[in-house]
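**Student:** Protein sequences, first through last, are from chains A and B. Just so you know, numbering that gives the first Met the number 0 puts 206 at position 207 of the first sequence, and the rest follows in order with no gaps. Just so you know, numbering that gives the first Met the number 0 puts 587 at position 588 of the second sequence, and the rest follows in order with no gaps.
One or more hints might be untrue.
To be verified - Cβ-Cβ distance ranges computed for the label pairs, FRET-style:
#	chain 1	residue 1	chain 2	residue 2	range
1	B	I14	A	K332	56 to 62 Å
2	A	Q107	B	Q554	54 to 60 Å
3	A	K245	B	Q554	28 to 34 Å
4	B	E610	A	K332	43 to 49 Å
5	B	E342	A	K335	27 to 33 Å
6	A	M174	B	T354	30 to 36 Å
7	A	K335	B	D328	50 to 56 Å
8	A	K245	B	K287	42 to 48 Å
9	A	Q107	B	E342	44 to 50 Å
10	A	V328	B	Q554	46 to 52 Å
11	B	W461	A	K245	32 to 38 Å
Source of the hints: derived by calculation from the structure; they are not laboratory data. We put the CB at the ideal spot given by N, CA and C, even for glycine.
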Amino acid sequence: MKDRAKFVRWFQECSLEDVQVVGGKNASLGELLKGGIPVPPGFSITTHAYDLFLEKAKIREDVYGILRSIKPDDTTSGERASREIRGMIESARISLDLEDYIGEFYRQLSKSSNIPAVPSAIRSSGTAEDLPGASFAGQQDTFLWIRGIDDVLKHVKKCWSSLFTPRAIAYRTKMGFPHEKVSISVGVQKMVNSWTAGVMFTLNPSTGDISTIVIDANWGFGESVVSGECTPDNFVVNKVTLEIIKRKISAKECLYTANPETQTVECHEIPPERRNNQCIIDDDIIELARIGKLIEKHYCRPMDIEWAIDKDLPAAGNVMILQSRPETVWSEKYVKPVCEAKASALEHIVAGLVAGKKIK
Amino acid sequence: MVAEKFPSPHEIETIPGTEGWERMYPYHYQFTTDDKERTEYEKNMFWFNDALHYPEPMYPFDIIWDEAWFLALSQFNTRIFMVPPALGVDHRIINGNVYITPVPVADSEEVVKRIPMFMERAGYYYEHWNELHDGWEKKMEKIISELKALEIKPLAEMEDFSVVKKGLGTSGGYMLLKNYDKLIDLGIECWQYHFEFLNLGYAAYVTFVDFCTKAFPDIPLQRVTQMVGGIDVIMYRPDEELKKLAKLAVELKVNSIIGKDDKIDEVVSALSKSENGKKWLAAWDKAKEPWFNVSTGTGWYHHDLSWNDDLNVPLNSLRIYIEKLEAGDTIDRPLKRIQEERERITREYRSMLKTDEDRQTFDQLQGTSKLVFPYVENHLFYVEHWFHSVFWNKMREVSAIMKAHNFLNDIEDIWFLSRSEIKEALWDLVTAWATGTKGRGTLHWPKEIEWRKGVYRKFKEWTPPPAVGTPPETITEPFTIVLWGITNDSMAAWAKLREVGDPDKVTELNGFAGSPGKVEGIARVCRSVKEIDELKDGEILVAPTTSPSWAPVFQKIQACVTDVGGIMCHAAIVCREYGMPAVVGTGQATTVIKTGMKIKVDGNTGQIDIER
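The following block holds chain A by itself, in its conformation from the complex (with noise of 0.2 Å):
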């Protein structure tokens, strides 16, 4: 396993200065480790286990050649040349050597975690996503709940792939990135098997106050919160004091849970009466600000981060963090001075006395 390192790293050896190897997701769960921040345990696999892939299956002039044929103004043309691409990727086979190395760390994986077959979440992780500028977030796939290693082989394919959904392909098309440049890391992590889930920011995205912490939540697994399946539960805490000082509890209408006899990821209604309960309790939500506050501070600016609470763990040290990116859209606005500077308190007083205050 001399070269390991070099195909698959543990998540705390992975550093932001690893994106182009390990992928931004995977880079920054690093990054989150190396800050003290609780993140389920796993591992990436890096943009150079993608390159041996396509090498070793002989796949890559395939690949990039069917790129070449797609007539840009054609659409059809990309979905077909994304079909055949993915197909091509989906059933090529992994070679021995690097089979070797991913199944080696997914068994040390289930074996710390003392789960056989760990169940895990096999997510992508792109070079080009997550940099602030240039939000690729939703590219790429994510898959739940996938236990052992014949399963995480093949997803990890999926996520491989994904590379060449018609969305990416046309995406780079527009923007102009060449296809050869892109590449892709697949992170396998821990399944949290969560009791709510969702997301923080440690701002208010409504309003651009860096003093707040909003943080959305549903049961169950994250995604019917990232995906905006169902209206959660929203909380605006105060980042000095971590207090709760808004609260709203929405109809919950659905969660995503996994189910033990099929071992897969399912999405059940919820029952009405229970809807309009409130599905975090106060001291995780501040508990999570506690956290988001610690992210916000490794990486000096304010960070978009998914959550989750394993229904698994005792109840001090729940709270997992699965992701974080930098927020995009305040961060890049121009700052401005709330008021323009005065010579003297008195100043300010005369000018807002004389501006007064307006009632709604």
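Fit chain B to the known structure of chain A by using the hints.
**Tutor:** Okay, now just chain B, sitting in the frame of chain A:
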């Protein structure tokens, strides 16, 4: 708010059976229709019901403080400091309820003209704040000692021989008239000083609040206040004195003599029997002046008694502290922690500002607000508590004389007469005394007072509209902004005041979010501080208002709800310190909530849920 329709002030109907109520109050407080210009003005202004100061209808005498601040606040804005856009605050009364409206400077050129004058005048006060404030304290102490020295003497059957020997040339009757005038005058003068600093204080604070809410739209007002509020303010002193006395009692081992149930007289006589007891009593007596002149209410009403009026009140509070000490608990305010937390909060907010300009503005405004804020907190003790407590009792001395001459049936009847009617009645009384005849008032006033009591009862049953007239788009008067219009949220909460329907069916009440946190528990309604000994550990206190004399109860409760008060009121400040939720200024929590009810208090949103 603007969308809401408020009735015209002239549309409000007189409550049947109260016809003629207007004569109980100053004539210029009435909304009128006989003067076209005045009627038009009244219709176009926005008149708030001042439920924050006056949760009950006005007593004809107690309106003295309303008249006093009507004048004092207005003159400082309009004629002394020349606040650029704001004149005074105008007052009216409807069915016993006070309505006020801030009067703007209508002409924008006039606003501009006033700016340099304001800069010079207000600037002088801000620059010399501490020095002028020292002068203020001296003035207040002088006026209070004059008040205490004022003699209200009963009229003698025959004047003392000394009147002749000294060639005094005046009678006790004349002195009664003179000293009554002096008493009223001292009250009015005291309220002149009340507003010497207050509006400038509010103006600085409002500007800081405004900056903070622009920089951080979500910032809770409580946090802004925390960044400028005093820590060792005078309003805490009465309570600190009790803590000291509790410690001394334990140290001198007289705590068992103080016991649990005896009334103050029994306790004093038991303590007088031992050396240590005497030592402790000396300390107790020393604390009374001035610190026991703290009111058990807001001090605005004559029925707000002070600790000195009923020493059993501080005694019972003291017992709570002694109990804590005996159980090995600490009773000290965690001053260091409060100080550090305040500094941390200030530092963190400042660090989130994005430009040098903003940091400069923040420093300027926070600095000025911190300078002025102690006055905003401290003046209450001097005026509303200390001065008023002494004043109400001087008035009772006047009343006792009127009762002795059969002008009143009861000492507490005097509050149903206005200050000018009392003057008139005293003239009647003194002249009859001088002449050796029966005063006309002996028949007139008891009858009139009976009628007024009936009117007052009807006023109490009536729900005043929260406002009348036409809402403006902007409010520029700093005092009004702080008390009513500081945020749109508080405007909305305020608009809900008194809007509840049948008090036995209400399940939700709203007030100001005074202190954050959310708890559920059993309510204990205490209408006065005398009832606090019924409180059990972990209950939620529901009170008309609280004052420093209530302080010890905060050791026992898990949340507090009040009828009156804004986010700077006593209950809110203390709860923030203890880290427990408070919802204040709910309008009528003590009417709607009953002892034993299960309630949920959300100090973040200002909402109270009542389980029925």
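**Student:** All the hints need checking, so say for each whether the structure fits it.
**Tutor:** How the hints compare with the structure:
| no. | hint | in the structure |
| --- | --- | --- |
| 1 | B/I14 <-> A/K332: 56 to 62 Å | holds, 57 Å |
| 2 | A/Q107 <-> B/Q554: 54 to 60 Å | holds, 55 Å |
| 3 | A/K245 <-> B/Q554: 28 to 34 Å | holds, 30 Å |
| 4 | B/E610 <-> A/K332: 43 to 49 Å | holds, 46 Å |
| 5 | B/E342 <-> A/K335: 27 to 33 Å | holds, 28 Å |
| 6 | A/M174 <-> B/T354: 30 to 36 Å | holds, 33 Å |
| 7 | A/K335 <-> B/D328: 50 to 56 Å | holds, 51 Å |
| 8 | A/K245 <-> B/K287: 42 to 48 Å | holds, 46 Å |
| 9 | A/Q107 <-> B/E342: 44 to 50 Å | holds, 48 Å |
| 10 | A/V328 <-> B/Q554: 46 to 52 Å | holds, 47 Å |
| 11 | B/W461 <-> A/K245: 32 to 38 Å | holds, 36 Å |
Of the numbered hints given earlier, the model fails none.
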